[in-house]
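Single-letter residue listing:
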Amino acid sequence: MDVRSRDYADLARTIIEDTPGVRKAVSGATAAFDAARRRAYAEIDAEAWRRWAEGVKNHVLTHLDQYLEEAEARLQENGAKVHWAGNAQEARHIVAELAQARGVRSVVKGKSMLTEEIELNPALEERGIHVYETDLGEYILQLLDEAPSHILGPAIHRSLEDVQALFADRLGTAADALPDDLAAAARTELRARFQEADMGVSGGNFLVAETGTLALIENEGNIRLTTSLPRIHVALVGIEKLLPTFGDLAGFLQLTARAGTGQAIGCFVSLIQGPATAPGDDGPEEVHIVLVDNGRTDVLADEHAWETLRCVRCGACLNTCPVYKQTGGHAYGWVYSGPIGAVLDPGLLGLEQTAPLPFASSLCGACFDACPVRIPIPDLLLHWRRAAQARGLTPLSERAGLKAFTAMATRPALYRYLGRVGPRLAGSSLFRRLPVLSGWTEHREPPEPSPRRFRDLWSEGIGE
Amino acid sequence: MSAARDATTTRDEILSRVRSALSGRTGLPHPGPLDTQGEGGVGALSSRLERNGARVERLEPGAAPGEWLSHLLERLVHEREPSIAVGHGVPARLIPPLPSAPPEEASVGISVAWGAAAETGTLVLPATEGRRVQLLVPLHVVWLEKEHIHARLGDALDSTRQRGLGAAVGLHSGPSKSADIGRTLVTGVHGPGQLVVAVL
Ligand code: SF4
Chain A
0 MDVRSRDYAD LARTIIEDTP GVRKAVSGAT AAFDAARRRA YAEIDAEAWR
50 RWAEGVKNHV LTHLDQYLEE AEARLQENGA KVHWAGNAQE ARHIVAELAQ
100 ARGVRSVVKG KSMLTEEIEL NPALEERGIH VYETDLGEYI LQLLDEAPSH
150 ILGPAIHRSL EDVQALFADR LGTAADALPD DLAAAARTEL RARFQEADMG
200 VSGGNFLVAE TGTLALIENE GNIRLTTSLP RIHVALVGIE KLLPTFGDLA
250 GFLQLTARAG TGQAIGCFVS LIQGPATAPG DDGPEEVHIV LVDNGRTDVL
300 ADEHAWETLR CVRCGACLNT CPVYKQTGGH AYGWVYSGPI GAVLDPGLLG
350 LEQTAPLPFA SSLCGACFDA CPVRIPIPDL LLHWRRAAQA RGLTPLSERA
400 GLKAFTAMAT RPALYRYLGR VGPRLAGSSL FRRLPVLSGW TEHREPPEPS
450 PRRFRDLWSE GIGE
Chain B
0 MSAARDATTT RDEILSRVRS ALSGRTGLPH PGPLDTQGEG GVGALSSRLE
50 RNGARVERLE PGAAPGEWLS HLLERLVHER EPSIAVGHGV PARLIPPLPS
100 APPEEASVGI SVAWGAAAET GTLVLPATEG RRVQLLVPLH VVWLEKEHIH
150 ARLGDALDST RQRGLGAAVG LHSGPSKSAD IGRTLVTGVH GPGQLVVAVL
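Going down the list, the sequences are from chains A and B.
The letter at position 412 of the first sequence is residue 411 when you use numbering that gives the first Met the number 0, and the numbering goes up by one with no holes.
The letter at position 95 of the second sequence is residue 94 when you use numbering that gives the first Met the number 0, and the numbering goes up by one with no holes.
For reference, chain A alone in the conformation it holds in the complex (with noise of 0.2 Å):
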C-alpha cells in the first residue's frame, strides 16, 4: 500500500471526525482483546515467559545468519525451494513469476500483514491472477477495497451493519442476516474458490531453522486450506521470523496466542516441512519459502531499533494502546499501526515517510506491558522523536499538536470537555485548534525513563 504515514495528523482527524464509528468499533474491540490478554497472562508466569521469549528472540537475530542458512538447508532436504528477497519488488516478482511460470489462474491467501507490506495482490492481479483472500475479515477488506486497520482482526473497525450491507449487495445474504449466515455465505463462496485454486498464498508466524518447519497460527482453518488444498503452497517469511530449535514453538505457539487473542493456542496451527511425498496426504506439490528482508537488515544494524524485530505480530501492543483505538490503523498511513507501526515503520521505510508516528502516543506504557517479547517500545518512540527532531523532520507545531492529540486520547474526561467547546471555536479543526494544549503536554512528558516507569510516573504526574 502507499504509505502516508507523513499525514497521521489528517488522516486521524477525517476518521475521527468523518466516521465516529470506527471508534466505537475499533475501542470496543480493542477492549475486548486486551481484557481476553489479560486474563490469559494471569493464568501463568507471563513475566518468566515474556522473559523467555525475548532471550530466543535475543538469540537468533544476534546469530541471524548461521539461523537463516540452517532453516534453508533444512527446508531444501525437506523438498521446500527457498528463495531470496532484498525488497519488495523482488519478492512480488519472484511469486509473481512462479505463478506465471506454473500456469496458475487463481490464487487464494491467508493472512499476512507481509503481502501486505510488499503489495503482492497487485502484481498478480496485473498479469490476470485472480487472488481471493480467505481470512473472513480480509475477505470483507477485499470487497469493499480497503486495508487492514489491525494485525489480528483486519476489519475491526467495520460494524457488523457494514458487513451486513456489503454482504446483502455482493454475496445476496438478506439485509438483516446474522453473522452466522454471512459467514455460511462466505464460506460457500470461498470454498469453491479454495477448490480451483492453483496455488496458494501463506505468510508464516515462525521458521524453525532446526526442521524447516514454517508454523501458522490461526482461527478460521482457511490457512490450513490455503497449504494444503491448491498445489502450490508459496510462503512470504520476513528474515526477522526464525526460530532457532523445534523445541522453542511450544513456548511461542501459546505465549503469541494468549498475547495475540487470549487463547491458550490458535484453534488451528500448521506446521509446514515441505511438500507433499506420502500418498494421499492432500498436500501441495510444491512449496516456496520466499525469505524477505526489505529493510529488514538496515533495522537490524540499529542499535536501538533492532529490537522491533523480536515481533511476533500479537496486536498486544494495539489493543492496550489509548490513541490507536480513537483512530484504528488507517490513520498510521502504512501496513503497521499502533505502538509497533510507530517505532517499525520508520526504521523500514526511513523517517522522512513516517515522522510524525513516533510522536502518536502518549508513552503511557502499555504497550511493553502487554508485549509478549518485552519490545521497548516507549523507549523507541523517544529514540524515533530525538531522530526526527534533530533531522527537523517534523514540524514544531506538528509535533505539539500530535503530543496533546495523544494526550487527549489517554485523558476521557479532558477529551470529552474539549469535544464540548470544539463547536465554539469556529473555523478551526481539532487539529489546528490541539496546539492551544501544547504548554500543557509539554512538561508532563517524562525526560527518559525506563519502560518499566513510563505508567507510573504518567499518572503520577497526570491524575485523573
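Honestly, the hints are just simulated from the structure, not real lab data.
Keep in mind that a hint or two might mislead.
Partial chain B-side listing against chain A, Cβ under 7 Å, derived [claimed, not checked]:
1. 17
2. 18
3. 87
4. 167
5. 183
Derived coverage of chain B by chain A (criterion: at least 3 residues anywhere in the stretch with Cβ under 8 Å from a Cβ of chain A; other residues may be distant) [stated by the list, open to error]:
6. 22 to 35
7. 147 to 153
8. 185 to 196
Between beta-carbon pairs, the in silico distance windows are [stated by the list, open to error]:
9. B/103 to A/165: 21 to 29 Å
10. A/190 to B/88: 21 to 29 Å
11. B/28 to A/80: 30 to 38 Å
12. A/76 to B/26: 21 to 29 Å
Small disclaimer: the values here were computed from a predicted structure and weren't measured.
Think of the CB as a built atom: it goes at the ideal place given N, C-alpha and C, for glycine as much as any other residue.
Starting from the structure of chain A, add chain B with the ligand where the hints point.
What follows is chain B with the ligand alone, placed relative to chain A:
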C-alpha cells in the same frame, strides 16, 4: 545474467547485510527451554478442550468403538443418514457403520490423533492421515488414546518429531471460529465447526 545467478547474488547480499549489521555485536545466548508447567491427564485435557469450544466424549467401557460412535453421531448430526470420510490411519474397529463419502461431501470426518497436549487442548494430526478429512467436513471426530495425552505442548511436539514430522502436521485445538463480523463469535467458518474428541 541468468536468473539463477541473480538469486544467488540476492541471497549472498542479504546474508552479508545481516553479517555487517551484526558485526561488533555480542551474540546473545539462548535462554534454554521454557517450563510451561502444564497439568496432564484426561481431565485437564477435557476441560481445556471444552473451554476451546470442543466436545470430549469417553468411550464407554466394554462398548464397541464403531457402534458407540455411530450412536453418538446420531445425536450430534441432524441428518437422517450422516455420511463419513475416514482418515488413512483409522483402524477398522474405530469406523462407525455409516455410508462413506468424499471429504468435500461427508457430514463427518474421522481421524486418529498421534497425540495431545492437555495444557492447550491440542490434538496432533499428521498430514499422512489425509488433510481433507481434517478440514473439509462440518464435524470432525478425532480418536485419541489416553496414553498419548501429554501435559505440555512441548512434549506432544517432541514425540511427534520422533515419529516423523513428514510434510506437515496440523494442531487442532477447537472448532473453526471467527469474530470478524461485528465481534460476534461464529463457528465453522472454513474448517470444521464442530470438533469431537473421542477418548479411548
Ligand atoms: S510489538 Fe509486541 S505487542 Fe506489539 S505486535 Fe509486536 S509482539 Fe505484539
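Outcome of the hint check:
| no. | hint | result |
| --- | --- | --- |
| 1 | 17 | holds (5 Å) |
| 2 | 18 | holds (5 Å) |
| 3 | 87 | holds (5 Å) |
| 4 | 167 | holds (5 Å) |
| 5 | 183 | holds (4 Å) |
| 6 | 22 to 35 | holds (count 10) |
| 7 | 147 to 153 | holds (count 3) |
| 8 | 185 to 196 | holds (count 6) |
| 9 | B/103 to A/165: 21 to 29 Å | holds (27 Å) |
| 10 | A/190 to B/88: 21 to 29 Å | holds (26 Å) |
| 11 | B/28 to A/80: 30 to 38 Å | holds (33 Å) |
| 12 | A/76 to B/26: 21 to 29 Å | holds (25 Å) |
Consistency note: the structure conflicts with none of the earlier hints.
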